[in-house]
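Enquirer: Okay, here's what each chain looks like letter by letter:
Protein chains: 2
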Amino acid sequence: MLIENVSLLCSGQLIKGRDIQIRDTRIARIGKDLRKERGEEVIDGQSKLAIPGLLNCHTHLAMTLLRGYADDMELIPWLHDKIWPLEAKLTKEDVYWGAKLGCLEQIRMGITCYNDMYYFTDETARATKEMGLRAFLSGVVFDMRPDLLVETEPFIKRWTGDELITPAVGPHAVYTCSEETLLKAKEIADKYDTLIHIHVSETREEVDGLNLSKGMSPVEYLDRLGMLNERLVAVHCVWLSLEDAYLLAERKANVVDCTVSNLKLSSGIAPLNYLLEAGVNVCLGTDGPSSNNNLNLFEEMKVTAIVQKNAYHTPAAFSAEQIWSIATEGAYKTFGLDMGLQEGALADLALIDLERPWLCPQSNMISHLVYSMTGGVDTTIVNGKVLMRNGIIPGEKEILEKAQERFERLTA
Amino acid sequence: MLIENVSLLCSGQLIKGRDIQIRDTRIARIGKDLRKERGEEVIDGQSKLAIPGLLNCHTHLAMTLLRGYADDMELIPWLHDKIWPLEAKLTKEDVYWGAKLGCLEQIRMGITCYNDMYYFTDETARATKEMGLRAFLSGVVFDMRPDLLVETEPFIKRWTGDELITPAVGPHAVYTCSEETLLKAKEIADKYDTLIHIHVSETREEVDGLNLSKGMSPVEYLDRLGMLNERLVAVHCVWLSLEDAYLLAERKANVVDCTVSNLKLSSGIAPLNYLLEAGVNVCLGTDGPSSNNNLNLFEEMKVTAIVQKNAYHTPAAFSAEQIWSIATEGAYKTFGLDMGLQEGALADLALIDLERPWLCPQSNMISHLVYSMTGGVDTTIVNGKVLMRNGIIPGEKEILEKAQERFERLTA
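Chains B and X, in that order, give the protein sequences.
Here this note's numbering is used: position 371 in the first sequence is 371, and no number is missing along the way.
Here this note's numbering is used: position 306 in the second sequence is 718, and no number is missing along the way.
Each statement offered as a hint is correct.
Only pairs whose alpha carbons sit at most 20 angstroms apart, straight line, appear in this in silico EDC-like list of lysine to aspartate or glutamate:
1) Lys809(X) <-> Glu355(B)
2) Lys402(B) <-> Glu767(X)
3) Lys428(X) <-> Glu401(B)
Honestly, the hints are just simulated from the structure, not real lab data.
Can you make the complete structure from the sequences, with help from the hints?
Expert: In structure tokens:
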């Protein structure tokens with residue numbers, strides 16, 4: 001495949017008139033006037049900006065079905081009266097169509113890979129494969145449903161070696177999993193060399209609770225269990241001490257910041273400055289669509305930047321370049337993905353229509369991507385395959401209809 | 413004009429299959445199966461949601477040209493080294509094309525009316541008329557440029573009675589205008605019965621400064637000058653005392669909250685809870701594109717809601733319905749506009765494509781508009797005239813090219 005005459009960012013500068021050649025699943029060459037092979041598919045890149053595909057580093061994708069179903073409630077009644085009763089009625093079919101809907105939205109947003117934790121993980125995997133996205137998938141594990149832990153190892157075995165789906169282990173959090181459960185999760189992750197995907201220090205209540213019961217913070221506790229390492233994906237990390245941050249850095253654990261969800265649930269603001277100062281690898285996620293309520297990583301970047309500026313009392317903090325770097329390089333590092341617009345990297349990318357008013361004038365494009373982007377992803381390519389072209393995704397209408405049906409059945 | 417078979421929100425519920433008949437500049441009828449007049453223009457509303465056009469209650473529109481030119485800087489070097497030197501080079505032509513670009517973006521975002529404060533106001537008015545938007549325009553006034561005050565009255569005279577453009581008076585702020593200037597601005601506003609558009613208590617420095625020099629807050633000071641009334645549009649109001657809030661309420665002054673800009677410049681978070689408790693009329697604005705950096709009122713609604721939830725430590729604060737009401741009813745009240753989707757109201761509206769993944773499932777549509785909307789405004793109508801149809805705005809490409817040229821000249 002040849003993307004002809006496209007614009008790129010090179011050290012933040014807009015470079016026009018380049019070609020990107022894709023061979024199989026990788027970027028083979030980037031240059032000027034590359035020769036088209038006979039019969040090679042050509043994509044016109046005129047007036048389009050190529051960016052590496054975005055990574056949504058934390059979500060519960062099938063919760064698209066619950067989008068807008070319950071907002072603006074206190075956490076406990078929200079979970080007890082709304083989310084859990086509905087989730088108890090969820091079927092495989094619901095998760096399949098919810099994940100399809102989530103993939104659809106992510107493709108529209110230029111997201112090419114996501115990291116998920118939910119139920120019926122095989123269904124999410126199946127939907128994701130069909131949609132063509134790359135994903136890291138963990139079945140959620142917690143004590144109230146012992147069957148979930150039992151399902152973990154078979155799921156990993158089924159999907160290990162898949163080209164697009166990478167299985168992982170998803171203990172929900174330290175307040176929902178016993179020490180025994182956490183250690184079993186760790187054992188499985190060690191055995192299959194997978195990531196561990198876990199919520200950490202999301203709320204003050206979680207941290208206070210663990211301090212009361214164990215006399216330590218969630219980060220210290222995970223460290224005592226031997227779970228802090230470069231295979232840990234610690235989501236939220238809102239209520240961290242400086243010591244927690246240095247411990248995460250020392251153990252090379254990864255942190256996923258979900259600013260929009262943390263604000264919407266009024267959980268607080270993660271201390272990004274000292275996480276970064278300590279040298280922790282940070283990346284960004286939207287969280288699930290029932291606490292965000294969309295899957296827009298551009299919005300996540302903007303809200304993260306401006307909320308952190310205000311939290312640290314200076315507009316000079318957290319530049320667009322820094323947030324862009326967290327969202328891209330930080331995510332590649334967390335998931336060990338060979339990404340970016342360079343030769344040899346995975347052919348996971350998006351083309352953005354430059355002829356949109358919010359990208360005009362074409363001055364600092366990184367600033368525009370972070371602060372001003374409000375739509376215009378035109379083409380999304382994953383693993384060398386075109387998933388959206390000229391804004392069209394085959395089968396979109398059916399997915400919207402089926403998701404609507406599943407929602408109506410669930411809430412009937 | 414007949415919009416056929418469209419969806420509407422009725423007390424938050426999605427109602428399908430309605431027709432909206434527009435006669436001249438007003439909504440004539442809303443109902444089922446309205447009879448089409450011979451030769452009447454028809455818009456297919458199938459799978460579209462009609463909403464009242466949004467109002468952007470504070471911006472400096474021509475600053476679209478400066479979008480991305482200088483971000484992530486401390487306020488003083490930002491103004492001294494970047495914004496002011498560039499603004500000193502601004503010509504009428506720049507303002508004209510900058511305003512055109514801003515109108516283009518607002519039309520794409522479903523904004524049908526905006527409230528502006530800037531230089532070369534006649535150019536902004538001309539651009540806005542050509543683009544077909546409704547606007548309240550004030551030439552900015554401050555002491556360092558005495559000519560600006562001189563231009564105010566002639567500008568008002570030229571535009572009074574215009575169908576789309578309503579002139580107003582725009583003293584910049586209490587720290588840039590002397591008492592004499594403020595009183596002259598008030599005199600002109602009283603004489604022509606116009607709004608006064610002014611920045612109030614945006615930063616702590618502004619409030620501290622006035623307390624030091626005058627022994628009172630900016631709100632108290634404006635009251636002492638007789639400027640607090642229902643014709644006052646007080647923008648920002650971040651650093652308010654509870655007394656300030658009650659005084660604003662008592663005098664029926666209007667407040668424009670600009671959360672995104674306040675965060676990006678790290679100015680703080682407006683105390684919306686006590687403003688609303690006190691009974692102040694509040695509406696929303698994006699501020700200028702060099703401190704936001706877009707003109708997306710959906711994003712403004714979402715960020716306002718989630719930031720306020722977090723500030724008041726409960727997700728139950730500031731529901732989607734409340735924020736939607738502020739953004740719509742609050743704005744109509746501030747500007748005295750007869751708006752909303754009802755018979756007799758101004759025909760200022762937008763149609764949103766319902767077949768977008770972020771609006772699925774169709775559950776709580778107000779929640780989707782506030783929390784999940786990431787594009788899909790399909791049609792924008794102002795004063796009974798279609799400005800965008802099926803996502804197409806005539807002349808868009810020329811505006812993008814001219815704006816790019818003007819930016820390059822300015823920064824050459």
